[in-house]
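**Student:** Using the hints, put the two standalone chains together into the complex.
Residue numbers (my numbering), protein chains in the order written: chain A, 1 to 172; chain B, 1 to 73.
It is possible that part of the hints are untrue.
[Claimed, not checked] Derived lysine-lysine pairs resembling DSS-like cross-links, with alpha carbons at most 27 angstroms apart: (1) A:Lys-47 to A:Lys-71; (2) A:Lys-78 to B:Lys-44; (3) A:Lys-53 to B:Lys-31; (4) A:Lys-91 to A:Lys-150; (5) B:Lys-44 to A:Lys-145.
[Unchecked claim] Chain B residues, not near chain A, derived (Cβ > 12 angstroms throughout): (6) Pro-25; (7) Lys-31; (8) Glu-32; (9) Glu-36; (10) Asp-39; (11) Arg-51; (12) Pro-53; (13) Gln-57; (14) Pro-64.
[Said to hold, decoys possible] Some chain B residues near chain A, calculated using beta-carbon distances under 8 angstroms: (15) Met-1; (16) Phe-23; (17) Thr-29; (18) Leu-62; (19) Val-65; (20) Met-66; (21) Met-69.
Since the hints were made in silico from the structure, they are not lab data.
From the three backbone atoms N, C-alpha and C, an ideal C-beta is built for every residue, glycine too.
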Amino acid sequence: MNRKFVFAIALIAPALAFAQGKPTDPQIAHIVVTANQIDIDAGKLAKSHSKNKEVQAFAQQMITDHTAVNKQAGALAKKLGVKPEDNDTSKALKKGAEENVANLKKLKGAQFDKAYVDHEVTYHQQVLDAIDKVLVPSAQNAELKGLIEKVRPAIQTHLDHAKHVQADLGKK
Amino acid sequence: MKFVPERLEVAVGDRITWTNRDFVPHSVTAKERGIESGDLTQGKSWTWVARKPGEIQYICRLHPVMRGMLVVK
Chain A
1 MNRKFVFAIA
11 LIAPALAFAQ
21 GKPTDPQIAH
31 IVVTANQIDI
41 DAGKLAKSHS
51 KNKEVQAFAQ
61 QMITDHTAVN
71 KQAGALAKKL
81 GVKPEDNDTS
91 KALKKGAEEN
101 VANLKKLKGA
111 QFDKAYVDHE
121 VTYHQQVLDA
131 IDKVLVPSAQ
141 NAELKGLIEK
151 VRPAIQTHLD
161 HAKHVQADLG
171 KK
Chain B
1 MKFVPERLEV
11 AVGDRITWTN
21 RDFVPHSVTA
31 KERGIESGDL
41 TQGKSWTWVA
51 RKPGEIQYIC
61 RLHPVMRGML
71 VVK
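Bound conformation, chain B alone (with noise of 0.2 angstroms):
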């Protein structure tokens, strides 16, 4: 399991949205930035808007080795 990409760049300002394809739940979670989609089922999509520049990394709080990289220009 894994998010995919699992790197991406953005900008300032960007809506990104993550949906579950996978028949497990899964969450988008970056405590120390306040990033916390709760549990998404099957299909379920959760959307956050970036503000600030910087990088951050993210994890399904589910599958701790579940890691992502949002970048943000």
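Only chain A is shown next, with the shape it has when bound in the complex (with noise of 0.2 angstroms):
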């Protein structure tokens, strides 16, 4: 007997100050890959500057899984003919990125990990609410509509394992 079991879908999006108005295709295009190598970005700092072993494959995760995503959405923009455009929501998701990455570097340790998997759970909650409230409802074209909602269930694994994480970091 041949059984069949799926993995079902993942993953991205934004988070954060979102603009006034509804972001117009390519507005949000820039937003998904903006918010995706933020948290690559994110994960490749505490890759190289945590020692724990637990906030490590979590970074990895997120650096393989984003990635993949940006991939994806990268080929769905070329396949549209979607350029992606900056706008005022991409701007505030990398000012923020700033902030943390800024912050984060002055963190040693356990302050590091502790700082780095809390804003983590942060981020994807705010992303899931972007995903939700803003990009969803607005996206027009039925491809860019599909592809949010298929990463989607990623967001909120990341979310449930960096919530795991920080439970387990707040044990020590």
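**Tutor:** Have a look at this one:
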């Protein structure tokens, strides 16, 4: 007998200060790519700074998954002929990311781990909110909307994983 | 992300195939039972044969909050 299991879907988007009005599809594409890149960069920083295996594994997962999403997003944008367009939300995301990285770079050891993981919890919660309240309702192209919907379960999984690591760090 | 179905009952001798329908890599891992698919990228499958009865809880090693249960009867 041959039984099939499938892994359901995965992955991403942004956070924070969502500008007024609905973003256009080119802007949504930019937001998605920016939000992914931010978490890849934070993951790389955590991998090089943290000595905690659980934190390192989580950081590697963020790098792997968000890289996969961006690859998918880039391929879709190319297929659809959508040129990602910078916008206020992307700028706000980048500014928030720069502040987070600047803060993390001042920290070491357990303090670094806690700050990184706490921020990951907040960030993924914000991304989920953004997907539900802004990105999916605003996306006009069905394939772009579909990509964002496919990404959502991964963000939820990342959030659950981050909370798990956060709880483990709290026990130490 | 999750295993679909999350719980599956099979008989001894059954072959079980997991296929990654996601675009990020996943694994099928149950350390204590020596089950390890390795990293499965998008579209890749891995098959395991149930040799002994029992309940096997497994995870995705890359996303440990993903859990599945295999009941071998």
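**Student:** Could you run down the list of hints and mark each one as holding or not?
**Tutor:** Okay, the hints, checked on the actual structure:
1. With a C-alpha separation of about 21 angstroms, the suggested pairing of Lys-47 (chain A) with Lys-71 (chain A) holds against the 27 angstroms cut-off.
2. Straight-line distance between C-alpha atoms of Lys-78 (chain A) and Lys-44 (chain B) comes to about 25 angstroms, which keeps the hinted pair within the 27 angstroms bound.
3. With a C-alpha separation of about 17 angstroms, the suggested pairing of Lys-53 (chain A) with Lys-31 (chain B) holds against the 27 angstroms cut-off.
4. The hinted pair formed by Lys-91 (chain A) and Lys-150 (chain A) meets the criterion: a straight-line CA distance of about 24 angstroms does not exceed 27 angstroms.
5. The suggested pairing of Lys-44 (chain B) with Lys-145 (chain A) holds, with an alpha-carbon distance near 25 angstroms, which does not exceed 27 angstroms.
6. Listed as a non-interface residue, Pro-25 (chain B) fails to keep its Cβ farther than 12 angstroms from every Cβ of chain A; the least gap is roughly 6 angstroms.
7. With a least CB separation of 14 angstroms from chain A, Lys-31 (chain B) remains clear of the 12 angstroms interface cut-off, as annotated.
8. Annotated as non-interface, Glu-32 (chain B) keeps its C-beta farther than 12 angstroms from every C-beta of chain A; the closest such distance is 19 angstroms.
9. Listed as outside the interface, Glu-36 (chain B) is consistent with that label: its C-beta sits roughly 15 angstroms from the nearest C-beta of chain A, beyond the 12 angstroms cut-off.
10. Non-interface status of Asp-39 (chain B) relative to chain A is broken: a Cβ of that chain comes within 12 angstroms, the nearest being about 9 angstroms off.
11. With a closest Cβ-Cβ approach of about 14 angstroms to chain A, Arg-51 (chain B) is found to remain outside the 12 angstroms limit, as its non-interface label requires.
12. Residue placement check: Pro-53 (chain B) keeps its beta carbon more than 12 angstroms from all beta carbons of chain A (closest about 16 angstroms).
13. For Gln-57 (chain B), the shortest C-beta to C-beta distance to chain A comes to about 14 angstroms, beyond the 12 angstroms cut-off, and the non-interface label holds.
14. Distance to chain A contradicts Pro-64 (chain B) as a non-interface residue, since its nearest Cβ pair spans about 7 angstroms, not more than 12 angstroms.
15. Using the Cβ-Cβ criterion of 8 angstroms, the hint placing Met-1 (chain B) at the interface with chain A is satisfied: the shortest such distance is roughly 4 angstroms.
16. Because the closest C-beta pair between Phe-23 (chain B) and chain A is about 5 angstroms apart, less than 8 angstroms, the hint holds.
17. At its closest, the beta carbon of Thr-29 (chain B) sits 13 angstroms from a beta carbon of chain A; the interface hint therefore is violated under the 8 angstroms criterion.
18. Annotation: interface hint on Leu-62 (chain B) holds; nearest CB of chain A at approximately 6 angstroms, less than 8 angstroms.
19. Hint on Val-65 (chain B) holds. Least Cβ distance to chain A is approximately 4 angstroms, under the 8 angstroms limit.
20. Given hint, Met-66 (chain B) at the interface with chain A, holds; its Cβ is 7 angstroms from that chain's nearest Cβ, closer than 8 angstroms.
21. This hint is violated: Met-69 (chain B) has a C-beta 11 angstroms from the nearest C-beta of chain A, more than the 8 angstroms allowed.
Consistency note: the structure conflicts with the earlier hints numbered 6, 10, 14, 17 and 21.
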